[in-house]
Amino acid sequence: NAGVTQTPKFQVLKTGQSMTLQCAQDMNHEYMSWYRQDPGMGLRLIHYSVGAGITDQGEVPNGYNVSRSTTEDFPLRLLSAAPSQTSVYFCASSYKGQLTDEQFFGPGTRLTVL
Amino acid sequence: AQSVAQPEDQVNVAEGNPLTVKCTYSVSGNPYLFWYVQYPNRGLQFLLKYITGDNLVKGSYGFEAEFNKSQTSFHLKKPSALVSDSALYFCAVRDIGGFKTIFGAGTRLFVKA
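So the sequences go chain by chain: A and B. The first sequence: position 85 = 88 (this note's numbering), numbered continuously. The second sequence: position 98 = 105 (this note's numbering), numbered continuously.
Just chain A, same shape as in the assembly (with noise of 0.2 Å):
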């Protein structure tokens, strides 16, 4: 059971270019969602997902698009790299995204715009 899985670990990009950020988990659950972090800013909502082929916005959606074709993964699509994007970005999982349900969090992916 790997739990929740992240690729790539570090990226460097210039501005302008686009990649997607890789996220899969293997505990079956509904819910998935996206958060960067930054230093003094705690972790923000991107995107959010309660099952397949469901998503909504987070706290910070502008810059990144996401899709859920299938209940194990959740990649978040960069579309033009910006210097602003520059953060750590963790992907997370619950059961189903319920109230009670604590979220499963993935190692995380260093992305450094230039």
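These are computed hints drawn from the structure, not numbers from a lab. In this text, all values refer to a predicted model and were calculated from it rather than measured experimentally. Some clues are possibly wrong.
Unchecked claim - Chain A is nowhere near these chain B residues, computed Cβ spacing over 10 Å in every case:
| id | residue |
| --- | --- |
| 1 | PRO14 |
| 2 | GLU15 |
| 3 | VAL18 |
| 4 | PRO25 |
| 5 | THR27 |
| 6 | THR31 |
| 7 | ASN48 |
| 8 | ARG49 |
| 9 | GLN52 |
| 10 | ILE58 |
| 11 | PHE74 |
| 12 | LYS76 |
| 13 | PRO86 |
| 14 | LEU89 |
| 15 | THR108 |
Claimed, not checked - One-sided excerpt, in silico: chain A residues whose CB lies under 10 Å from chain B:
| id | residue |
| --- | --- |
| 16 | GLN9 |
| 17 | THR10 |
| 18 | ARG47 |
| 19 | VAL53 |
| 20 | TYR98 |
Every residue gets a Cβ at the ideal spot worked out from N, C-alpha and C, and that includes glycine.
Since the structure of chain A is provided, determine the placement of chain B on it from the hints.
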């Protein structure tokens, strides 16, 4: 709107001493509160949660948290700190109206040997 505040950027304690990491919250309705820990270069790990019932919640690694409704606080505690407890701690509250979790800014705990 739901929110959490962690008033201390950093907490320093000596090994063997009790530790407290503070969290206050603001919610409309019943609070659903969580503590997570992040070790260096790792993702967050769930420590404990308050849903309802007993105000003292016990969690992983000997941590516990005290829910205080009148003070709208949910402080994380441990009777005897270990050097290995040094990490970044996040308090979080669930958004009752939807599927979102709101995290505090985090408190860095340093435990000195």
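We went through each hint and held it up to the structure:
{"no.": "1", "hint": "PRO14", "result": "holds (13 Å)"}
{"no.": "2", "hint": "GLU15", "result": "holds (13 Å)"}
{"no.": "3", "hint": "VAL18", "result": "holds (16 Å)"}
{"no.": "4", "hint": "PRO25", "result": "holds (25 Å)"}
{"no.": "5", "hint": "THR27", "result": "holds (19 Å)"}
{"no.": "6", "hint": "THR31", "result": "holds (14 Å)"}
{"no.": "7", "hint": "ASN48", "result": "violated (8 Å)"}
{"no.": "8", "hint": "ARG49", "result": "violated (6 Å)"}
{"no.": "9", "hint": "GLN52", "result": "violated (7 Å)"}
{"no.": "10", "hint": "ILE58", "result": "violated (5 Å)"}
{"no.": "11", "hint": "PHE74", "result": "holds (14 Å)"}
{"no.": "12", "hint": "LYS76", "result": "holds (17 Å)"}
{"no.": "13", "hint": "PRO86", "result": "holds (23 Å)"}
{"no.": "14", "hint": "LEU89", "result": "holds (22 Å)"}
{"no.": "15", "hint": "THR108", "result": "violated (7 Å)"}
{"no.": "16", "hint": "GLN9", "result": "holds (8 Å)"}
{"no.": "17", "hint": "THR10", "result": "violated (13 Å)"}
{"no.": "18", "hint": "ARG47", "result": "holds (8 Å)"}
{"no.": "19", "hint": "VAL53", "result": "holds (6 Å)"}
{"no.": "20", "hint": "TYR98", "result": "violated (12 Å)"}
Going down the numbered hints, you'll see the structure goes against 7, 8, 9, 10, 15, 17, 20, while the others check out.
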